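Going down the list, the sequences are from chains A and B.
Throughout the first sequence, residue numbering follows numbering that gives the first Met the number 0, covering 0 to 481 in sequence.
Throughout the second sequence, residue numbering follows numbering that gives the first Met the number 0, covering 0 to 269 in sequence.
FYI, nobody ran anything at the bench for these hints, they're computed from the structure.
None of these values were measured; they are calculated from a predicted model.
The C-beta atom is built at its ideal place from N, Cα and C for all residues, glycine as well.
The reader is advised that the hints may include incorrect statements.
Cβ pair distances, simulated, as ranges [as the list claims (entries may be wrong)]:
1. B:Thr57 / A:Ser110: 52 to 62 Å
2. A:Lys132 / B:Leu247: 34 to 44 Å
3. B:Ile89 / A:Leu178: 54 to 64 Å
4. B:Ile36 / A:Asp115: 48 to 58 Å
5. A:Phe301 / B:Lys257: 28 to 38 Å
6. A:Leu178 / B:Ala100: 13 to 23 Å
7. B:Ile89 / A:Asp370: 37 to 47 Å
8. B:Asn14 / A:Asp17: 54 to 64 Å
9. A:Gly140 / B:Ile18: 40 to 50 Å
10. B:Ile111 / A:Gly129: 52 to 62 Å
11. A:Ser27 / B:Lys257: 48 to 58 Å
Derived lysine-lysine pairs resembling DSBU-like cross-links, with alpha carbons at most 35 Å apart [claimed, not checked]:
12. B:Lys257 / A:Lys119
13. A:Lys215 / B:Lys98
14. A:Lys119 / B:Lys178
15. A:Lys105 / B:Lys183
16. A:Lys181 / A:Lys87
17. A:Lys105 / A:Lys132
18. B:Lys60 / B:Lys92
19. B:Lys183 / A:Lys181
20. A:Lys473 / A:Lys363
21. A:Lys215 / A:Lys171
22. A:Lys132 / B:Lys183
23. A:Lys105 / B:Lys121
Residues of chain B placed beyond 10 Å of chain A at every Cβ, according to the derived structure [what the hints assert, rightly or not]:
24. Lys44
25. Thr74
26. Val86
27. Ala100
28. Trp110
29. Ile111
30. Phe113
31. Leu131
32. Ser158
33. Ile184
34. Leu188
35. Val209
36. Tyr215
37. Ser227
38. Ile248
Spelled out from the first residue to the last, the chains are:
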Amino acid sequence: MSEAKTIIRLTDVKKTYDGKTYVIEDLSLDINEGEFVTLLGPSGCGKTTILRMIGGFDKPTSGEILLDGSDISALPPNERPVNTVFQKYALFPHLNVYDNIAFGLKLQNLSREETDKKVKEVLELVDLEGFEKRSVTTLSGGQQQRIAIARAVVNEPRVLLLDEPLSALDYKMRKEMQLELKNMHKRLGITFIFVTHDQEEALTMSDKVVVMADGKVQQVGTPEEIYNEPANVFVADFIGESNIFNGVMTGKMKANFAGAEFECVDDYEQGKKIEAVIRPEDVVVVKPGEGQLTGEVTSADFKGTFYITFVQCGQYEMEVHCLDHYKPGTTVGLSVMPDNIHIIPYDMTINNFHGIIDGFVDGKGIYLVFDDFSIFVDAHKLYPFSNVSKGRLVDENGEHIDIHGKEVVAFFQPEDGDMSDDEKAGDVVGRIVSFYYIGDHYSYTIRSDHEIDYVVDDEDLWNQGDKVSVLLPKNRMKYRLV
Amino acid sequence: MTEGVTLKKYRFDRNQLVIPYLIYLLLFVVMPLLVVIYYGFTDDKGRISFANFAAFFTNSKMMGTLVYSLIIAITVTVICLLLAYPVAYILAKGEYARKHAFLMVFVLPMWINFTLRITALKEILTLLEGNLAYHPFMNTVICMVYDFLPFMIMPLFNSLTKLDQSMIEAGYDLGASFKQVLFKIILPLSVPGIISGVTMVFLPAMTNYVVLDMIYNSTYIMGSLIGSYFNSYDWNNGSIISAILLMLIGLVTIFTDKILSRNENREVRI
Chain A
0 MSEAKTIIRL TDVKKTYDGK TYVIEDLSLD INEGEFVTLL GPSGCGKTTI LRMIGGFDKP
60 TSGEILLDGS DISALPPNER PVNTVFQKYA LFPHLNVYDN IAFGLKLQNL SREETDKKVK
120 EVLELVDLEG FEKRSVTTLS GGQQQRIAIA RAVVNEPRVL LLDEPLSALD YKMRKEMQLE
180 LKNMHKRLGI TFIFVTHDQE EALTMSDKVV VMADGKVQQV GTPEEIYNEP ANVFVADFIG
240 ESNIFNGVMT GKMKANFAGA EFECVDDYEQ GKKIEAVIRP EDVVVVKPGE GQLTGEVTSA
300 DFKGTFYITF VQCGQYEMEV HCLDHYKPGT TVGLSVMPDN IHIIPYDMTI NNFHGIIDGF
360 VDGKGIYLVF DDFSIFVDAH KLYPFSNVSK GRLVDENGEH IDIHGKEVVA FFQPEDGDMS
420 DDEKAGDVVG RIVSFYYIGD HYSYTIRSDH EIDYVVDDED LWNQGDKVSV LLPKNRMKYR
480 LV
Chain B
0 MTEGVTLKKY RFDRNQLVIP YLIYLLLFVV MPLLVVIYYG FTDDKGRISF ANFAAFFTNS
60 KMMGTLVYSL IIAITVTVIC LLLAYPVAYI LAKGEYARKH AFLMVFVLPM WINFTLRITA
120 LKEILTLLEG NLAYHPFMNT VICMVYDFLP FMIMPLFNSL TKLDQSMIEA GYDLGASFKQ
180 VLFKIILPLS VPGIISGVTM VFLPAMTNYV VLDMIYNSTY IMGSLIGSYF NSYDWNNGSI
240 ISAILLMLIG LVTIFTDKIL SRNENREVRI
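Construct the entire structure; sequences and hints are all you get.
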């Protein structure tokens, strides 16, 4: 690993189309020579935009894209040693297979013999020998896909970009092409950057997976690292199935969540808020009373090689993948090995809102202005030793405190927040951009028009994209001066 | 489900909907065509004769007019294509928020009465040139180009809008410059649009009558020639010219249809 050479480096890349919302935010990423890198994320996370910026079809708003150490962000696509396999193949319908593949070679003014030889070689690589004279429109989807790959790799690019190339194929064909692409990557030895929203595809094919959401890199790692050691709750939820619980560290390598005490292998200080991730296949069903949890089976669905079993343990629900069938209503014990519990420190930056002090009104308090809302707070919450004298705020010595324009941070716990579908009922209106299930409730991220995220817990199931209003827990919000 | 006894005798068939159209076609397309052919191949006493047909190809004035019409039609078509293609390309592929509004501006002259447009243009040309008689060819071409340009822009715009942006990107990706992308990808893929644009300009330009009649009252081109025969009650000669033009246009249409259908077969299926 140490000898790996960086071929592509993105430094602080930002991209916005309308000047307001950022599709890519301060993204930095290194891609090593010869790697098979997958950009994985839900639709709209910016993965295709990154690919298009490396390919030269989009220019970053700011930041640098380095190839072999030199900035290529201003180069047009035809001057980059990079080729793309497009999502819908983009084969030229007016040219036959040979002319499609030879398109790039002819532009390089290669001799006829050399062109013939290269086309023949690359057709062998994609298993379509003898297809030279065929019209591309008579080919099946899988064959068009191979021609598109052949057309790109025949130019011997330094980097091959693949934009969800398998999404139009049926399941079996996709599986087959995954293996073939992997083999092709081994044989050619060039860097592959592959974009997909299919986490299984990403885990199967890649040397390195870049998980993205909201224009930001969430985690970079090998497929094993991504799956076993998710860096945050988003990754844990997005890759594979997982049970996520809010909890707290109760001692050395001990955590309390889902209403029970668990031993784990991650060491964090006592009292720290955490989120625990447990994969359904790592939960073992035991006799009632033997495991850490006891609960009642609520459903068991056959999935071919295992049963998806849901067990209700008090108020918490656990998904279990087990080989045996347990009838709904059965009481079972659940046991999890310490190294199968993955502890993620709770993200303390969520629900931190930056604002400024706008003034002080006697009787009402200090007036705070934030991007989405404004609020009066009791002066003692920010200045514990302050007094009011003649309608002005003074400190313990009776000196006037200049508060105007001071920066403050407001914070609330997700469980204290509330949401409503009545836009007038809440303080801030926004859309649900993501959510995941935490044992006994959902955690929703709501984004306002000012691009501020509010994380609110709720027991009901809402949909992504729903327009809701957030009710701020005014009495339970905490404030501090910056 | 409600096949009652009364319906058994007479049942409405969807095919019967075609009857009004058949009658229309017979009365206004087939019959006039037969009349034209009948007059074309008879003499003034109503006897069958190929004299008119032969006369057309031996009469140097008529052949000259045919050639002149062809030259005008080809010039008009080529100029329209050269003017319209960049406009259509910029409108279809440029990043304008209101490209359809721009397109409308180009097509807007069509909303104004044709006679008014040509008369106005005639006045402008007279103002510029003094006497229109000095440059009859140029003036004819200017008037026709002005009149037919929207018919070239529309099909080109449609065809270029449909052109998948990823084709163009694939061209750049494989190392082509803008010029190479234009000539190797965009132009070949917009051939259907070019052909329908050419058809929509070439055919009316070839048979146009009104434009020249309004500017010159002349018999230089085919449409005007036919008009002049009919105006002097020479139905036979007028008809044979119409019939011959019809055949020529028929040939052109069959030819372009073939190219078109060949191109449509080439569109990628996914």
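Unsatisfied constraints (hint numbers, rising): 3, 5, 6, 18, 23, 33, 34
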